[in-house]
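Number of protein chains: 2
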Amino acid sequence: MAGTILIVEDEPAIAELIDLTLKRNGHQTICAGSVEEAIRLIDHALPDLALIDWMLPGASGIELIKRLRSNKRTQSMPIIMLTAKADEADKLAGLDTGADDYVTKPFSPKELVARIKAVLRRRAPQLTDDIVETNGLRVDPTQHRVSLNGETVHMGPSEFRLLHFFMTHPERVHTRTQLLDQVWGDHVFVEDRTVDVHIRRLRQTLERSGHDDYIQTIRGAGYRFSKP
Amino acid sequence: MAGTILIVEDEPAIAELIDLTLKRNGHQTICAGSVEEAIRLIDHALPDLALIDWMLPGASGIELIKRLRSNKRTQSMPIIMLTAKADEADKLAGLDTGADDYVTKPFSPKELVARIKAVLRRRAPQLTDDIVETNGLRVDPTQHRVSLNGETVHMGPSEFRLLHFFMTHPERVHTRTQLLDQVWGDHVFVEDRTVDVHIRRLRQTLERSGHDDYIQTIRGAGYRFSKP
DNA sequence: TTATATTATGACTATTTTGTTACAGAAGCA
DNA sequence: TGCTTCTGTAACAAAATAGTCATAATATAA
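Chains as they are written, first to last, in this note's numbering: chain A, 1 to 228; chain B, 1 to 228.
Hint data in this document are derived by calculation from the structure and do not stem from the laboratory.
Among the hints, erroneous ones may be present.
Same chains, same names: a pair is fine if it fits in one copy or spans any two.
[Unchecked claim] List time: in silico DSSO-like cross-link candidates among lysine-lysine, alpha-carbon distance up to 27 Å:
1. K227 x K110
2. K227 x K66
3. K105 x K23
4. K227 x K23
5. K105 x K227
6. K66 x K117
7. K105 x K66
8. K23 x K110
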């Protein structure tokens, strides 16, 4: 399980506990002690998920979530709320505001990790380490390895990410711009047409086993990964 | 859910809030600070929906709506009023004038989005991503795929949009000009007769499953999608 | 039924979109 | 550093699609 996680928590002890837990589970972490710091960090680099404490000095966690949700760049960032209150009303308010899940303090590291995993699986399946397989075409994110009917093939990092994204989001059209955002990442400025070239390279690699026609051109719209 | 939305609001803070909210929901936006600017923008490119503030400097929002409703090109544009007053009388006046719905300030982004969605679903269903199916003929905008009794068929982008429009607006006659406006887009300069050709191509594609006679010629008027 | 208006159809060309290749610079690696 | 691999871009080729026209077919009204 990869992914950079932003921890927004003002109590250092708790922040550190979470930090250690996540690092042990293979995540990168960034820590912020306040909403302002969080915003600054996010502005600098978009994390793959944010863990936000409900009670924060100054603007509350809810405020932060609202703010993130109203900005295009951060609108789809997976968010988990941390709350000391087991109160149903608060929980609902949090989910209503746009959090993907919440964790009630005190929580076990195990629970936290499980919830993060669940949210990532739902919101950003390409960030999980799950092996994806479709009809002999197999992608193993952990080993960074692709195999066609058992035979390992090599491809460049971009092609790998592209294929992985396709396989974790099959059966729907992705415009070139969407692909750039999702696969190349936030903040990158490359030509739309570059996607075509990587599609070409990916197809070329998949040709050997005939999987190349899983990657379909939808004229005027983009590309789709789907059974031929 | 796609669609371009025009925001007519003189207070920059509110305008920006709305702008962000809509963008995060996948809409394109155009902003106008006054009625005059709004008219200019609309003249340039017809939005799919207009959000109009009740209180505007100079001519009021109501004036703008009246004006839009009395112009053939803009008369069917979905309109949502923004009003600070929860006053029933004003609300009724707004609806009476021709707004499709109204939102009272202060409003939550969630509410705004929900109302926009509702209005679009009612007034411009082809802008939603809902799957449409009629008797084995199925159009899935997300997948960008058409199937006849389960079997995927191919068609060009124009035919796809045409079919999608027909299926989201069945049982009524559309003139060639209306089809050009709705399917090809506002401001395009093509012959009316071009529609015939695309109708022909679409019918040809649907022939295989006999769905072609869902597309009916109404002599002297236009075309209609309806059960044979 | 005939004349007329309207639509259907097929063919053709222009335009748009995508595929493919080559290449130069960047980045990683030993 | 020198080598290899990878990337993005540009240029050209190929393919798909769009729009128009000419002509045939069809419906409608007189």
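Against the structure, the hints come out as follows:
In this assembly of identical chains, the alpha carbons of K227 and K110 never lie at most 27 Å apart, being 37 Å within a copy and 37 Å across copies at closest. Proximity of K227 to K66 under the C-alpha cut-off of 27 Å is found in neither arrangement, the shortest distances being 37 Å within a copy and 47 Å between copies. In the homo-oligomer, the alpha carbons of K105 and K23 lie at most 27 Å apart inside one protomer (19 Å), although the nearest pairing across protomers, at 34 Å, exceeds that limit. Taking identical chains as interchangeable, the C-alpha atoms of K227 and K23 are never at most 27 Å apart, the minima being 37 Å within one chain and 32 Å between chains.
Taking the closest pair of Cα atoms, K105 and K227 never come within 27 Å of each other, the shortest separation being 44 Å inside a single copy and 48 Å across copies. For the identical chains of this complex, K66 and K117 are neighbours both inside a copy (23 Å) and across copies (20 Å), given an alpha-carbon limit of 27 Å. In this assembly of identical chains, the alpha carbons of K105 and K66 lie at most 27 Å apart whether taken from the same copy (22 Å) or from different copies (18 Å). Proximity of K23 to K110 under the C-alpha cut-off of 27 Å is restricted to the intra-copy arrangement: shortest distance 13 Å within a copy versus 35 Å between copies.
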